[in-house]
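A.B. asks: Each chain, letter by letter, is given below.
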Amino acid sequence: MEMETKPREKPDSTRWASNAWALLCAIRSQSPLIQCITNFVSMDLMANTLLSAGASPAMIHSVEEIPDFTPHTHALCVNVGTLSPNWLPAMKAAAELACKSGKPWVLDPVAAGASGFRLRACLELVELKPCVIRGNASEIIALSKASVGPTKGVDSSHESIDAVEAAKSLAQASGAIVAVSGAVDIVTDGERVVGAHNGVPMMQRITATGCSVTALIAAFVAVDPVNAFEATASALSIFGVAGEMGMNMAKGPATLRMHLIDSLYGLDEADVLSRVNITSLSR
Amino acid sequence: MEMETKPREKPDSTRWASNAWALLCAIRSQSPLIQCITNFVSMDLMANTLLSAGASPAMIHSVEEIPDFTPHTHALCVNVGTLSPNWLPAMKAAAELACKSGKPWVLDPVAAGASGFRLRACLELVELKPCVIRGNASEIIALSKASVGPTKGVDSSHESIDAVEAAKSLAQASGAIVAVSGAVDIVTDGERVVGAHNGVPMMQRITATGCSVTALIAAFVAVDPVNAFEATASALSIFGVAGEMGMNMAKGPATLRMHLIDSLYGLDEADVLSRVNITSLSR
Amino acid sequence: MEMETKPREKPDSTRWASNAWALLCAIRSQSPLIQCITNFVSMDLMANTLLSAGASPAMIHSVEEIPDFTPHTHALCVNVGTLSPNWLPAMKAAAELACKSGKPWVLDPVAAGASGFRLRACLELVELKPCVIRGNASEIIALSKASVGPTKGVDSSHESIDAVEAAKSLAQASGAIVAVSGAVDIVTDGERVVGAHNGVPMMQRITATGCSVTALIAAFVAVDPVNAFEATASALSIFGVAGEMGMNMAKGPATLRMHLIDSLYGLDEADVLSRVNITSLSR
Chain A
309 MEMETKPREK
319 PDSTRWASNA
329 WALLCAIRSQ
339 SPLIQCITNF
349 VSMDLMANTL
359 LSAGASPAMI
369 HSVEEIPDFT
379 PHTHALCVNV
389 GTLSPNWLPA
399 MKAAAELACK
409 SGKPWVLDPV
419 AAGASGFRLR
429 ACLELVELKP
439 CVIRGNASEI
449 IALSKASVGP
459 TKGVDSSHES
469 IDAVEAAKSL
479 AQASGAIVAV
489 SGAVDIVTDG
499 ERVVGAHNGV
509 PMMQRITATG
519 CSVTALIAAF
529 VAVDPVNAFE
539 ATASALSIFG
549 VAGEMGMNMA
559 KGPATLRMHL
569 IDSLYGLDEA
579 DVLSRVNITS
589 LSR
Chain B
309 MEMETKPREK
319 PDSTRWASNA
329 WALLCAIRSQ
339 SPLIQCITNF
349 VSMDLMANTL
359 LSAGASPAMI
369 HSVEEIPDFT
379 PHTHALCVNV
389 GTLSPNWLPA
399 MKAAAELACK
409 SGKPWVLDPV
419 AAGASGFRLR
429 ACLELVELKP
439 CVIRGNASEI
449 IALSKASVGP
459 TKGVDSSHES
469 IDAVEAAKSL
479 AQASGAIVAV
489 SGAVDIVTDG
499 ERVVGAHNGV
509 PMMQRITATG
519 CSVTALIAAF
529 VAVDPVNAFE
539 ATASALSIFG
549 VAGEMGMNMA
559 KGPATLRMHL
569 IDSLYGLDEA
579 DVLSRVNITS
589 LSR
Chain C
309 MEMETKPREK
319 PDSTRWASNA
329 WALLCAIRSQ
339 SPLIQCITNF
349 VSMDLMANTL
359 LSAGASPAMI
369 HSVEEIPDFT
379 PHTHALCVNV
389 GTLSPNWLPA
399 MKAAAELACK
409 SGKPWVLDPV
419 AAGASGFRLR
429 ACLELVELKP
439 CVIRGNASEI
449 IALSKASVGP
459 TKGVDSSHES
469 IDAVEAAKSL
479 AQASGAIVAV
489 SGAVDIVTDG
499 ERVVGAHNGV
509 PMMQRITATG
519 CSVTALIAAF
529 VAVDPVNAFE
539 ATASALSIFG
549 VAGEMGMNMA
559 KGPATLRMHL
569 IDSLYGLDEA
579 DVLSRVNITS
589 LSR
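Protein chains in written order, with my numbering: chain A, 309 to 591; chain B, 309 to 591; chain C, 309 to 591.
Hint data in this document are derived by calculation from the structure and do not stem from the laboratory.
Hints should not be assumed to be uniformly reliable.
A pair counts as met if it fits within one copy or between any two copies, since identical chains are not told apart.
Said to hold, decoys possible - In the SDA-like style, the derived pairs of lysine to any residue whose C-alpha atoms are separated by at most 25 Å in a straight line are:
hint : residue 1 : residue 2
1    : Lys559    : Gly410
2    : Lys559    : Ser582
3    : Lys408    : Glu552
4    : Lys453    : Pro379
5    : Lys437    : Met555
6    : Lys453    : Arg583
7    : Lys408    : Gly483
8    : Lys408    : Lys559
9    : Lys400    : Glu473
10   : Lys400    : Asp376
11   : Lys453    : His380
12   : Lys400    : Val371
13   : Lys408    : Met510
14   : Lys408    : Thr587
15   : Lys453    : Leu341
16   : Lys437    : Gly424
17   : Lys453    : Met510
18   : Lys453    : Pro375
19   : Lys559    : Phe537
20   : Lys453    : Gly483
21   : Lys453    : Lys559
22   : Lys559    : Thr587
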C-alpha cells in the first residue's frame, strides 16, 4: 500500500557493482575481525570464506570470553545451525555486547522452524537488534510468521512472493535488513527491495555455503555499517560471482567449493564490474 | 553349522548393480531428510556426501529438538566419534524416537573399544534396535565380543575371518544388519553374507570416509527400509565406485576426497552397472 | 649474554634435511597414534594432515575416556582454539596422563591473549610440562609475558625480535621447546635457536594450517621424543615444503590447501633433501 507512494527506484547496475568492488577492497585492506558463533558443520568453510575475502575470522563461542573479546571485533556472525541450550547464552551475550559497542551483528536463523526450541531461540535473538538477518525462504517465512504473524493476502503456495512479503514484514518489525537466499537473492530494509542475480544452483549442493555468505555479509557490514542494505546485497552478489567463476572450472560440488574460494580470493575489478547484477525489485 | 543347511546364494552381479542404481535414483528424486548426530571431524564431509548423493542432511543434535524434529526425518545416523556424556542422551532419544516413528536408524560405533565409557555407550545404543551397524573390523569385533562374548573356535589372529564371524554374531544378537569396512566390505544379516568389492585403499587416508559411508547407508535405507541388507551393500558399493572413479583423477588423498564427492554427484547408470561388484560370501 | 660463551652452531643444512627425512619415514612406517584435543575449526584439516603424513589421528576429548585411551597414544596435541570451560579439564587430565606415561605432548595456545579466561587456561596448561609449545608471534609473546614478565631491553615495536626473546624466555621458564610461526619459523630450546625457512605466505589464508602443523609436530616428537628440538624444526620445515610444492599447482587458498595435503602425502627423499632449509640463528 504505502509502497505506492514511494518514488520508483532507478536501478543502477554500474553503481551497485562499483560499490561492491569498493567494499571488497575495504575488506582486503582493513581485514576486519569477524567473530563467528556458528554451527560445527560450517566452521571450516566459513573461516576459509572470510580469509579468502581478506577478513580475519575468530571462532570464539565461550560466554566467559565475550566480555574481553567481542568489543575488539568489527562485526559478529551468529548462526544457530547446531544449536544447543548451552550455546545460546553466549550468542545472546555477544549480540548484546556487539550492540552496546556499536558493532553490527548478523543472524543466520538456520532451520528456524525445525523445533519450538529453535524458533524461540531465534525470536530471542531477533529481539537483540541484529543488523542483518539472512536465511532461505522457509526460514525467513517461519521467523516472520512467528514474529509478526502471517502476511495478509499472500497466497502461501507462491513461496517466492511469500518470502518477499515475509522479509519486508520481518524487516519492519525487527529493524534489520533481511536477506532471502534463493535463485535470486532478495534484500530488503522493509521498504526497498533489491534482487542479487548472481550465483549458480550447484552451490546448494555444498554444505555451509549459506552460512558462509552470512559471515561474508558480516565482513561487508563491518566495513560499511551505515549502509547495511547495500553491504548485504553486495556480499550476496560477490559470493555469487565467485560461485559463477568457480563453476566455470567445476565438475561437481567439491570442485565448485574449491574454485569458489579461489575465485573469491582472486576477484579483480573487471570480474566484479562485469558480473555483479543487483537490480531494484521495489514497486 | 546351520549355515550348511541354507541353499547356496546365487550371486547375481547384474541384479545387485541394477538395484544399487535404482536406490541411488530414488535418493536423487526423493531427497530423503537424514538427521546426523555425528562427530565434529566428520560433519563437513558427511554433509557433502549426502548432498552429492541427492539426500538432505540435517546435523541436529540437541535433545531439546528431537521430539519436534526427528519424526520428520526419513532416517537417522548416529556416530560416536567425538562422544561426550552430554551428547549420549540425545543419541538415545533420537534412536528411540526413530524406532517409534518407524524410521530406520544407523549406528557407527567409532573406536568402540577405545574406552569403557565408549563401549558401554555403544552397547546401550545397540539395545535401541539400529537398523544397520557399520564399523571397521576392530570396532565390530570389540562390539560383538562385548555384546555376545568371543566367537567360539575363531583364531583371533585372523582378523578378516574374525570380523565375519563377529559380524554375524552381532547381527543375530542385535537384529541389525552389520557391515564391516575393509579391503572388501562385508555385509551380513546374521545368515547371508555379501562382499562389496569396490573402493580404493587411499580412501583410508582421508578422515571421515568411514563416517560418511555410514550416513550414505542411512540415505539408502531411508528409501528402502524393508530391504536394509541390500540397501547397505549398495551404499557401500556406490561409495566405493565413487572412490574408484575419483582415484582416476587423484594425485593424493586431498584430490581423491574432492573427486570422490564430484564422482558421487555425477554417477550415471553406466558407471554403476559396469562397476558395482557385490558377491555372495555365504557358504 | 651467556649465549656468547656457547660454541657457535655450525649450521648443516644437509644434516637437518636428512634428519627430517628420517623422521618422516619413521612416521610413515610406525604410524604413531596422535590424540588431538583441538578446536572445531581445525579438526578436518588436522586429521587429514596427520593421515597424509602417515600418522594415525584420534580426536577424543571426553574426560571420561582419557584414563583408558591416553596411555595408548604416542603423543598428544592440545589446542585451545575454541576453548570452553567444559573442555579444559580434559585437556589438563590428558596432559597430566601423557606426562605420567612418558608420552610427549604439544600445546597450541591459539589466541592466547584474546581473553583473561583463555590466557589463564594457557598458563595452567604450560604448568603441565608440554614438550613443545607452538604459536604465532603474538601468541608466544602474550604467553611469555604472562608467564615470565616482559622481556627486558627489547623494543616491543620489533615483533620478530620480540618473539625470539619471548620464545627463549618461555622455553627457559617452561622447559618446553618453543616454536614461533612466521615468515621464518623459529624454534628454540631456550639456548639454541634455529629458523625453518620453508612455506609460502598464502598458507596464512587457509584456516587451521597453524593448528595442523602443531599436530604434525606431535607426530614428529612421537617418533623421536628425545630430540624434540630437532623434531619440531623438522615438522615445521616438512609442512612448509609441502606448502611450497602445493603452491606450484595452486591458484588460490583452496587449491593450495588441497595440493599441500597431496604433497605431504607424496613427499619423497629428493623433495625433502633439496628443499628443507633449516639454519641456526643462535648467536
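A.B. asks: Run every hint past the structure and note whether it holds.
C.D. replies: Going down the list of hints, with the structure as the test:
| no. | hint | result |
| --- | --- | --- |
| 1 | Lys559 x Gly410 | neither (44 Å within a copy, 38 Å between copies) |
| 2 | Lys559 x Ser582 | both (24 Å within a copy, 21 Å between copies) |
| 3 | Lys408 x Glu552 | neither (38 Å within a copy, 45 Å between copies) |
| 4 | Lys453 x Pro379 | between (33 Å within a copy, 23 Å between copies) |
| 5 | Lys437 x Met555 | neither (36 Å within a copy, 43 Å between copies) |
| 6 | Lys453 x Arg583 | neither (35 Å within a copy, 50 Å between copies) |
| 7 | Lys408 x Gly483 | within (16 Å within a copy, 43 Å between copies) |
| 8 | Lys408 x Lys559 | neither (46 Å within a copy, 41 Å between copies) |
| 9 | Lys400 x Glu473 | neither (27 Å within a copy, 40 Å between copies) |
| 10 | Lys400 x Asp376 | both (15 Å within a copy, 23 Å between copies) |
| 11 | Lys453 x His380 | between (35 Å within a copy, 21 Å between copies) |
| 12 | Lys400 x Val371 | both (9 Å within a copy, 20 Å between copies) |
| 13 | Lys408 x Met510 | neither (39 Å within a copy, 36 Å between copies) |
| 14 | Lys408 x Thr587 | neither (34 Å within a copy, 50 Å between copies) |
| 15 | Lys453 x Leu341 | between (33 Å within a copy, 24 Å between copies) |
| 16 | Lys437 x Gly424 | within (21 Å within a copy, 28 Å between copies) |
| 17 | Lys453 x Met510 | neither (29 Å within a copy, 45 Å between copies) |
| 18 | Lys453 x Pro375 | between (33 Å within a copy, 22 Å between copies) |
| 19 | Lys559 x Phe537 | neither (34 Å within a copy, 32 Å between copies) |
| 20 | Lys453 x Gly483 | within (16 Å within a copy, 44 Å between copies) |
| 21 | Lys453 x Lys559 | neither (39 Å within a copy, 45 Å between copies) |
| 22 | Lys559 x Thr587 | neither (30 Å within a copy, 32 Å between copies) |
Comparing the model with each earlier hint shows violations of hints 1, 3, 5, 6, 8, 9, 13, 14, 17, 19, 21 and 22; every other hint is respected.
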